[in-house]
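Undergrad: Chains C and F are the protein sequences, given in the same order. Position one of the first sequence corresponds to residue 1 (the numbering used here), numbered consecutively onward. Position one of the second sequence corresponds to residue 1 (the numbering used here), numbered consecutively onward.
Possibly wrong hints are sitting among the right ones.
Pairwise CB distance ranges, derived in the manner of DEER restraints [unchecked claim]:
{"#": "1", "chain 1": "C", "residue 1": "Leu81", "chain 2": "F", "residue 2": "Asp285", "range": "44 to 50 angstroms"}
{"#": "2", "chain 1": "F", "residue 1": "Arg98", "chain 2": "C", "residue 2": "Glu83", "range": "35 to 41 angstroms"}
{"#": "3", "chain 1": "F", "residue 1": "Leu309", "chain 2": "C", "residue 2": "Ser287", "range": "43 to 49 angstroms"}
{"#": "4", "chain 1": "F", "residue 1": "Thr306", "chain 2": "C", "residue 2": "Asp259", "range": "32 to 38 angstroms"}
{"#": "5", "chain 1": "C", "residue 1": "Leu118", "chain 2": "F", "residue 2": "Arg201", "range": "53 to 59 angstroms"}
{"#": "6", "chain 1": "C", "residue 1": "Ile82", "chain 2": "F", "residue 2": "Gln223", "range": "39 to 45 angstroms"}
Stretch-level coverage of chain F by chain C, calculated; a stretch enters the list once three of its residues show a Cβ under 8 angstroms from a Cβ in chain C [said to hold, decoys possible]:
{"#": "7", "segment": "36-45"}
{"#": "8", "segment": "214-220"}
{"#": "9", "segment": "236-242"}
If you are wondering where the hints come from, they were derived from the structure by calculation, not from laboratory data. Each residue gets a CB set at the ideal place from its N, CA and C atoms; glycine is no exception.
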Amino acid sequence: MDTGIIKKENIKGVIESLMQMGKVVAPTRQDDMTVFSALPSSEALDLNYTNSKLSPKDYFFPQTEVLFCYEKENNQIHPPLIEDKPACLVGVRPCDAKAITLLDCIFNDPQYKDVYYLNKRKNTVVIGLACTNPQSTCFCTSTGGGPLDTTGMDMLWQDLGDRYLIKAVTPQGKELASKLFGIDKAPEKDLSYAKKQGEKVLSMIPPAFEAEKISEKLRSSFEDSVWETIHEKCLGCAACTFVCPTCHCFDIQDENSRDRGRRVKLWDSCMFPLFTLHTSGHNPRLSGKERMRQRIMHKFNYFKVNNGHVACVGCGRCIRECPVNMDIRQIVSAFS
Amino acid sequence: MWSKEITQKIRATAESLLLEGKVDLIIGYEAGSTPLRTAPSFVRSAEQASLLVWNPFCENNLSVYLEGRKEKVGLMAKGCDARAAVVALQEKRIDRDRLLIIGLPCSGVVDRQKLAASVNIDAVKAFSVDKDSLVLQTEEEVRLPLEDVLHASCKTCSRRNAPVSDIFIGEKSSEPQVKDEFAEVKSFEGLGTQERWRYFRELAQKCIRCYACRNACPLCYCQECIVDQTQPQWFGKTAAEEDTLIYHIIRAYHCAGRCIDCGACSRACPMGIDLRLLNKKLQKDVQELYHYIPGLNPDEAPAFGTFKLDDPQDCITEK
Ligand code: SF4
Ligand code: SF4
Ligand code: SF4
Ligand code: SF4
C-alpha cells in the first residue's frame, strides 16, 4: 500500500500493533515539554506537538553510551548487549528525519562503522509526521528540506484534522503499512486536501537564505571580519549543540575503579574550550571566535564539502534554546 | 518601570558616554531575532547606541561579560546585574575604575517558559507594555498582567534598583513588599527525606549537562571548572543521575554566600529546570548563619572571605 488513511479514533490500535512488533519511541509530554521516549502504552503518545524539545537523535546516538566494560583480572572485556530487536520511531518531524541521514554520513562512514549506531539504525523503522504548524524559528526550507520532506523516513503521516494520511516512502514502509491495523484506502479528496494543506504550510516558511550560496562563500571566509564580533555574546555552553539533531561530536572516556571499569561514549561540544585543548596545554581554538567559527563552518562548509549536504536541517532548536538569542539564521545570512 | 522613554534615555546616555570617552564599551540589550527576545549587546560607537532597548525581556545577567575585560565598561544594570557586579568587585575580578554602573529601574523580567504555557508565543508579532500589563499582538490582542508572567526570582526580589550605581536612568522602581522570600525553601525544608531526594533526582534526570546554567551565571568564572578538569578527573561526565547531581551540588555550594538570586541560570536552562531552589536554600542558610546578603556593598568582605569570632561553629563537628 502506498497511501492510506488512519482515522484518529484508530490511532491507538495502530500504535498498539506497532508495539507488538517491537519498541516504539515517540513524542510524549513531560511537564511543559515534548520529548521522545519509549512508549509505555499507546496513551502516552502525543502527536499534537510543534517540535520536540530535544531531537530523537538521542535514540541512535545516546548522550551516554557504554561501549564495553572490563575487569582487570584475566583481562576480561564485556561488550554491552547490542540491541537487535525491531523498533519504530514514530512522529518524527521532517527536519529531524533528515538529520538522521546526516548522522549516517558520520556513523556509517565507508571507513569507520559505529556498530552501536548501525545496529539500531538497521532495526528501526522511521515514521515521520508532516508539519502543519511551523514555529517562528523553523527554517527547513532554507536548508533543502520542507514541512513535507520525506528524507530519512520509511513512512510519512500527515495530519488532516480527524485523520492521518499515510504515505509509504521505502519498501520497509510499504511492508509495515500492509501489516498495520486499521488503515483504510485514501480517497481522492483526502489526497487533494493533503496537497493543498502541504502547499499552504510550505508558504508559511519562506526561505531565509540560500544554503548553497552561503557554503560557497564560507569557503573563502575563514579570515572574515564577521567572526571578530559575531560570537561576542555567546556564553560557550552546549545548549545549541546538544539540542541540535545533526551535531554528532563525542568524547570517549574510561571510567576506572580499582579492578574494573568501562569505556563510555559521550556527547561533546565544539563550543566548549576543553574540546580542543591539547595535552601540551595548547588550545588551537583559543576563544569564542574560533569556536563559533568552527560550529558554523562545520555545518555550512566542511560537512557540505565532505558529504554533499549542509549539516543543518533548519529545526530552529538552537535559536529557541540559546540563552542569549544567538540566531544561526542571522550568522549565516551575514555571508549571503 | 518599562517604558520607551527609558530606552530613549539609555541610548542618549550611552551615546554621550562613548562620545566623551568615559567608557569604551556599553554592555546592554538589543532587540532579539524573535519578538519576545532580547540579546546582550556590545556597543562601542555612538552610532550603535540606537540599538539599545529596555523591556521585560532583558533577562540575561550582563555581569557575566565583565570577566577578563580590559576595556572600560558601562554596564546597563538591573538590580541583580549590579549586585553581581558588586560580587565581582569584592572578589577582585574587575577594577572599580574600569566599571561604570548604569542603574536602571527594573520591574522584573518575564519568564518565557511561563509565558509559553499560557500563549502561543510563535503567534506573537510584537509586544508592548501598558502600565502593569504585557500586551501581545497576535491575531487578536492578548493582555496579561506582568505580575503573572514574572520570573520566580523577580517575584521575591526586593532589590530591583542597583544598590551601587554611577548613573541612574529614570526614577527608581518602587521596591515591592515581599512577604517571605524564602517561603518556597521553607516548604521544601518541611518535606521528608524521600520527597526532597525526589526533587534532586528529577532535576538530575532532566538535565542534559549543557552547562548553560553555569555559563550564564556571573559568579561561575573559574578558569577551569571542576567538572571540566581531567587531571585529575574528579567525577564522571555522563548524563547519569549520580554524575549530574554532583555537578549541581558542587555548583550550588560554590555559589553559596555569593548567589544574588538573579535567576539567570534557571532562565538559561533549555530543559526548564528550577535550579533556584537549591541556591535559595543556601542563600537562606548564609543569611541565618552569617547575617550576610551578597552583592550590596563592594567594600564589605564576602561571607566566606572573612571570619568573625562569633561566627557559628556548629558546622565544625568533633568526633
Ligand atoms: S550560541 Fe548560545 S547556546 Fe550556543 S554556546 Fe553560545 S550561548 Fe550557548
Ligand atoms: S544548527 Fe540549529 S537549526 Fe540547524 S539543525 Fe542544528 S539545532 Fe537545528
Ligand atoms: S531579580 Fe530583581 S533586579 Fe533582577 S530582574 Fe528580577 S526584579 Fe529585576
Ligand atoms: S542549563 Fe539545565 S540542562 Fe543545562 S546543565 Fe544546567 S541544569 Fe542541566
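Undergrad: Count the residues of the segment 36-45 of chain F whose CB lies closer than 8 angstroms to any CB of chain C, then report whether that count reaches three.
TA: holds (count 6)
Undergrad: Evaluate the given range 43 to 49 angstroms for the C-beta pair formed by Leu309(F) and Ser287(C).
TA: 46 angstroms, holds
Undergrad: Please check whether the segment 214-220 of chain F has three or more residues whose CB lies within less than 8 angstroms of a CB on chain C.
TA: Since three or more residues must qualify, the claim that chain C covers the segment 214-220 of chain F holds, with 3 doing so at under 8 angstroms.
Undergrad: Can the suggested window of 35 to 41 angstroms be confirmed for the beta-carbon pair Arg98(F) and Glu83(C)?
TA: Violated, since Arg98(F) and Glu83(C) (Cβ atoms, about 57 angstroms apart) do not stay within the stated range.
Undergrad: Look at the Cβ atoms of Ile82(C) and Gln223(F) and judge whether their distance stays inside 39 to 45 angstroms.
TA: Check passed, 41 angstroms falls within 39 to 45 angstroms.
Undergrad: So the hint says 44 to 50 angstroms: do the beta-carbon atoms of Leu81(C) and Asp285(F) match that?
TA: 45 angstroms, holds
Undergrad: Counting residues of the segment 236-242 of chain F that have a beta-carbon nearer than 8 angstroms to any beta-carbon of chain C, does the count reach 3?
TA: holds (count 5)
Undergrad: Leu118(C) and Arg201(F), beta-carbon distance inside 53 to 59 angstroms?
TA: Check failed, 33 angstroms falls outside 53 to 59 angstroms.
Undergrad: Taking the CB of Thr306(F) and the CB of Asp259(C), does the distance hold inside 32 to 38 angstroms?
TA: Cβ of Thr306(F) to Cβ of Asp259(C): about 46 angstroms, so the range 32 to 38 angstroms is violated.
The structure shown violates the earlier hints numbered 2, 4, 5.
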